[in-house]
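Visitor: Residue numbers (my numbering), protein chains in the order written: chain F, 1 to 429; chain Y, 1 to 429.
Each hint should be verified, as a subset may be incorrect.
Here are the simulated distance ranges between beta carbons [said to hold, decoys possible]:
1) F/Q68 to Y/A327: 32 to 40 Å
2) Y/G189 to F/D191: 48 to 56 Å
3) Y/S338 to F/G71: 50 to 58 Å
4) Y/D398 to F/R332: 39 to 47 Å
5) Y/S320 to F/D168: 53 to 61 Å
6) F/S271 to Y/V237: 45 to 53 Å
If you are wondering where the hints come from, they were derived from the structure by calculation, not from laboratory data. Remember, predicted model here, so these are calculated numbers, not experimental data. Ideal placement from N, C-alpha and C gives every residue a C-beta, glycine not left out.
Listed here are the chains, written in short residue letters.
Number of protein chains: 2
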Amino acid sequence: MRPNAAFVLQIKETTVTTTPRITVDPAIVEQYLMTMAQFGAHGETGVWRTVYDPQWVAAANQYVAWCQDAGLETRRDAVGNIWGKLTGSEGGKSIVSGSHIDTQRPGGRYDGILGALGALIAIRTLKEQFGQPKRTLEALAFCEEEGSRFPGAAFWGSRAITGAIAPDDPAQTRSYADETVVDAMQAIGLDPSRILEAKRDDIDAFIELHIEQGPILEQAGLSVGVVEGITGIRHYVVQLTGDANHAGAFPMDLRRDPMAGAAEIISGVISTAHRMGRPAVTTCGRMTVDPNGPAIVPRQVTFTVDARHPDPAQRRLLYSRHEALIAEVAARRNLDVSWYLTHDLQPIICDPGIVSLIEDAAREQGVPCMTMTSGAVHDTQRMSEISRVAMIFVQSKDGRSHTPDEFSSIAHCTAGIEVLAAALYKLAY
Amino acid sequence: MRPNAAFVLQIKETTVTTTPRITVDPAIVEQYLMTMAQFGAHGETGVWRTVYDPQWVAAANQYVAWCQDAGLETRRDAVGNIWGKLTGSEGGKSIVSGSHIDTQRPGGRYDGILGALGALIAIRTLKEQFGQPKRTLEALAFCEEEGSRFPGAAFWGSRAITGAIAPDDPAQTRSYADETVVDAMQAIGLDPSRILEAKRDDIDAFIELHIEQGPILEQAGLSVGVVEGITGIRHYVVQLTGDANHAGAFPMDLRRDPMAGAAEIISGVISTAHRMGRPAVTTCGRMTVDPNGPAIVPRQVTFTVDARHPDPAQRRLLYSRHEALIAEVAARRNLDVSWYLTHDLQPIICDPGIVSLIEDAAREQGVPCMTMTSGAVHDTQRMSEISRVAMIFVQSKDGRSHTPDEFSSIAHCTAGIEVLAAALYKLAY
Numbered sequence: 001m002r003p004n005a006a007f008v009l010q011i012k013e014t015t016v017t018t019t020p021r022i023t024v025d026p027a028i029v030e031q032y033l034m035t036m037a038q039f040g041a042h043g044e045t046g047v048w049r050t051v052y053d054p055q056w057v058a059a060a061n062q063y064v065a066w067c068q069d070a071g072l073e074t075r076r077d078a079v080g081n082i083w084g085k086l087t088g089s090e091g092g093k094s095i096v097s098g099s100h101i102d103t104q105r106p107g108g109r110y111d112g113i114l115g116a117l118g119a120l121i122a123i124r125t126l127k128e129q130f131g132q133p134k135r136t137l138e139a140l141a142f143c144e145e146e147g148s149r150f151p152g153a154a155f156w157g158s159r160a161i162t163g164a165i166a167p168d169d170p171a172q173t174r175s176y177a178d179e180t181v182v183d184a185m186q187a188i189g190l191d192p193s194r195i196l197e198a199k200r201d202d203i204d205a206f207i208e209l210h211i212e213q214g215p216i217l218e219q220a221g222l223s224v225g226v227v228e229g230i231t232g233i234r235h236y237v238v239q240l241t242g243d244a245n246h247a248g249a250f251p252m253d254l255r256r257d258p259m260a261g262a263a264e265i266i267s268g269v270i271s272t273a274h275r276m277g278r279p280a281v282t283t284c285g286r287m288t289v290d291p292n293g294p295a296i297v298p299r300q301v302t303f304t305v306d307a308r309h310p311d312p313a314q315r316r317l318l319y320s321r322h323e324a325l326i327a328e329v330a331a332r333r334n335l336d337v338s339w340y341l342t343h344d345l346q347p348i349i350c351d352p353g354i355v356s357l358i359e360d361a362a363r364e365q366g367v368p369c370m371t372m373t374s375g376a377v378h379d380t381q382r383m384s385e386i387s388r389v390a391m392i393f394v395q396s397k398d399g400r401s402h403t404p405d406e407f408s409s410i411a412h413c414t415a416g417i418e419v420l421a422a423a424l425y426k427l428a429y
Numbered sequence: 001m002r003p004n005a006a007f008v009l010q011i012k013e014t015t016v017t018t019t020p021r022i023t024v025d026p027a028i029v030e031q032y033l034m035t036m037a038q039f040g041a042h043g044e045t046g047v048w049r050t051v052y053d054p055q056w057v058a059a060a061n062q063y064v065a066w067c068q069d070a071g072l073e074t075r076r077d078a079v080g081n082i083w084g085k086l087t088g089s090e091g092g093k094s095i096v097s098g099s100h101i102d103t104q105r106p107g108g109r110y111d112g113i114l115g116a117l118g119a120l121i122a123i124r125t126l127k128e129q130f131g132q133p134k135r136t137l138e139a140l141a142f143c144e145e146e147g148s149r150f151p152g153a154a155f156w157g158s159r160a161i162t163g164a165i166a167p168d169d170p171a172q173t174r175s176y177a178d179e180t181v182v183d184a185m186q187a188i189g190l191d192p193s194r195i196l197e198a199k200r201d202d203i204d205a206f207i208e209l210h211i212e213q214g215p216i217l218e219q220a221g222l223s224v225g226v227v228e229g230i231t232g233i234r235h236y237v238v239q240l241t242g243d244a245n246h247a248g249a250f251p252m253d254l255r256r257d258p259m260a261g262a263a264e265i266i267s268g269v270i271s272t273a274h275r276m277g278r279p280a281v282t283t284c285g286r287m288t289v290d291p292n293g294p295a296i297v298p299r300q301v302t303f304t305v306d307a308r309h310p311d312p313a314q315r316r317l318l319y320s321r322h323e324a325l326i327a328e329v330a331a332r333r334n335l336d337v338s339w340y341l342t343h344d345l346q347p348i349i350c351d352p353g354i355v356s357l358i359e360d361a362a363r364e365q366g367v368p369c370m371t372m373t374s375g376a377v378h379d380t381q382r383m384s385e386i387s388r389v390a391m392i393f394v395q396s397k398d399g400r401s402h403t404p405d406e407f408s409s410i411a412h413c414t415a416g417i418e419v420l421a422a423a424l425y426k427l428a429y
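The whole structure should be built from the sequences, with the hints applied where relevant.
Guide: Now the structure itself:
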């Protein structure tokens, strides 16, 4: 299989530089990560921390406390994003870095939280080593990115900041347990009617540090990658409805079996992405069956199709093939079919100036890196609507993420935070 | 598609007979069915009544009360089967009829309960019209057939009667909510250590009245069918394990995706049964996905394969094709695979003498009928280990069962009970 050009290794040479050496303490990185891992600890290495739940509240409080420890001007906004500000002597729009503090169910100890902590540690380190910056720096913990409690609330924090939450979204967005966002926010003292107050229009640049979630950096033997583009994504929820019937007494040729249709569609969409080659990906990660009995032909099968491609034309082709297959299989099998989108994000190109600045910062700090695209979506995608953006990736062991098995070494994490700190230095000092 | 010979219509001519006309009161049939439908009522027409739950206890108590009303000698056995006996003047082994009183989750108002009530109404009617029989008649309500609370406890009642429950089964058999049968029995005052006491070795003939659960009688325009054979069945639980990975960042060509494997296997086994033609059937009715998130390649997918054929050689062929496909797909996709059987029932041939006797009874009562095989499994299959057996089917609207939509008209139910009563008359009077 021919790897897409975006995945080809591009190692930059390390050179001597004018930027001062920035030293991040690995002990602090480890202490912060392991402390946060306790809020929602699930099994030995997992974390189960969904937005607005008690473990999330505890993690958010911890983040506030550390921001205050670092001497940052700390506040929570209307949706519960946490901001730690180091005001610059020259004022102006902010340079912001951060990531999300919620997890999958269960996720691991690194996805999201590394970038929230990394921003805080980087700004704290810069303040300690270089004092007040010229430009204002802000560390940011997004309240929610994964959508793992409220599938329709993914990117809730960055959507609030970019003004992309509609007035009736909080009441209409329901959790897997059928709670509304309104109820969940009110239960922890947040007022959903004030969400518009979280909107920002004074952010100049946003950099998100995140684990890679794929195996590219590990295969290249690098700690750090600089992201120059982020994939486009659609999440379809597909519902097929037939007739529940007895598994023994009802002949195959008379059935309207939505499981048979779902299996054919899932096989087909996965094959389609595989045959298109990297970086096309399609995943069916969630299925519910009604009534879900071993001796009953199901009445209804509902499943998700997550399809991604960073190239706009290839992305349209991928989606049109998926949609054609879903419609064709349902029609041929005489099944009722409906689908809707829970996410539909365009691919984005990161700001070339900031990408280049991060590459320089990495070279100046002696951290070898490569440029790459992100096959995962991130709050950065939303932030690109109001700001220049880029991302820094840290190597993931075996490319694992969204699982208790995800792991990034403290050395890789520290290298990523040093590159972030150096980039923030170049932007703000 | 060529229908199997077993499904071909064989209408018997109605002739005058020596058997007296037996009149079952449709009002009683309706009253009993609708009263029972209230125990576990689910929505407008559904019933959710699983073994040993409070609704089941209420239904069992109602059955006891009606047996006592009818003047039958009534008892509960060690697992909670209910027996209503009308002792014959000549003694000897019993002539038994009955079916189960538990349902699917949710099931409907007819599956199982019709045969338990039908036996009671038939024996009550015979007692009222003809007094004491020569042979002993017993009405029987099996405690559990569906396995819809404890998947490993399907046929619990008939397994107790035939001595097929091993001493450690009650402790090892767990519900979907992880309760043991031991706890569930003790909670309602049954002693699991006494299960062996439920064993019977004094049953001469067993006839089960049941809804058809398929569309054959409806398509033939008949109220009643006489079952001459019951399909063989296997329930496989198949577990595929791969690696949970990020749905965007992990390339398709490096994945070990158990959902892709499950979809390919499910498509394949369903096609295999369809291509073999009637009466082969294969159903995948239940699936659980771990962790079941839209943006995560699943770690593990577990699904059921229910495969049935009444012909021993075709049945072996069906199973071997399924098992070969499961192994081949798992190996090719580098997935860990395991499977085990929750049911493995041999097909049975009903007692030709009793089948012929029921056909005569139907003709004598002026009820047109056909002979057929059962694609569903029944307690009758277990009872065949200790007794001569046969079954009587009643037309199901649209062939529906195991759903709140199942429906059999009171006219069809009453016709079935009249045929049952006439058959019991021929055996016992």
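Visitor: Take the hints in turn and mark each one as holding or not.
Guide: Against the structure, the hints:
Taking 32 to 40 Å as the suggested C-beta distance range, the pair F/Q68 and Y/A327 does not conform, at roughly 59 Å. Distance hint for Y/G189 and F/D191: a CB-CB separation of about 53 Å, consistent with the stated range 48 to 56 Å. One distance hint, 50 to 58 Å for the beta-carbon pair Y/S338 and F/G71, holds here, with the actual separation near 56 Å. The hint said 39 to 47 Å for the Cβ distance between Y/D398 and F/R332, and at roughly 22 Å that hint is violated.
About 56 Å separates the C-beta atoms of Y/S320 and F/D168, a value consistent with the hinted range of 53 to 61 Å. Distance hint for F/S271 and Y/V237: a CB-CB separation of about 26 Å, inconsistent with the stated range 45 to 53 Å.
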